[in-house]
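Engineer: Here is what each chain is made of, one letter per residue.
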Amino acid sequence: DVKVTQSSRYLVKRTGEKVFLECVQDMDHENMFWYRQDPGLGLRLIYFSYDVKMKEKGDIPEGYSVSREKKERFSLILESASTNQTSMYLCASSSNPDSNTEAFFGQGTRLTVV
Amino acid sequence: LAKTTQPISMDSYEGQEVNITCSHNNIATNDYITWYQQFPSQGPRFIIQGYKTKVTNEVASLFIPADRKSSTLSLPRVSLSDTAVYYCLVVDYKLSFGAGTTVTVRA
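Chains V and P, in that order, are what the protein sequence lines are. Position 60, counted from 1, in the first sequence is what this note's numbering calls 60; the numbers after and before it change by one each time, with no gaps. Position 30, counted from 1, in the second sequence is what this note's numbering calls 1030; the numbers after and before it change by one each time, with no gaps.
Some residues of chain P that are not near chain V, with every Cβ distance over 12 Å (derived):
no., residue
1, Gly-1015
2, Ser-1023
3, Asn-1025
4, Ser-1061
5, Ala-1066
6, Thr-1072
7, Asp-1082
8, Thr-1083
Footprint (simulated), chain P over chain V, 3 or more residues, beta carbon under 8 Å:
no., stretch
9, 36-44
10, 50-60
11, 80-94
12, 106-114
FYI, nobody ran anything at the bench for these hints, they're computed from the structure. Ideal Cβ positions, reconstructed from N, Cα and C, are used throughout, including at glycine.
Please model the complete structure; the sequences and the hints are all you need to start from.
Structural biologist: What follows is the structure, encoded as structure tokens:
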């Protein structure tokens, strides 16, 4: 069974902390994505990567960075967490950068910044 | 970058057919149309994808007219468990989702 695993289901951090959200996939996929989801706003793309050490900004990259040192792992970094970054974070992976393939999602990390 | 527009919400009753139409006026020649379903507290899951005409699987049907500027996801005989958010995507390199359509099925 294909799997995308996010390191934590729930996380509580303090304002100003550096936060790492980890995502691992076991499908040898080239592409990985980070989203945040907030009520009424759907999924918004933060960053994505189509190869090791490659990254591209999504629609809302401000306040975030990413790291992809190995093909199977894609990390989302909040350099200095703020309360407006309290959200559900979802990671996904897919095998093709273009069109007709399916993306697989992790279960999500609910981050609360206090 | 192709953008999609779909209704914010739809209500239905058990046993009815639900049709969700998505418009994507700027779709490119090589783009596919993909639909995802998301239940509360879960990540989205792929349900169907198509390029043109009609695609059917065990979950849904996808109708795409010749001009490909819109598509319609059809859910036959819905049940309470089909209550979810449905996302229409025109798949380019970014895999951008929108707000989706919240479908509520009532008994």
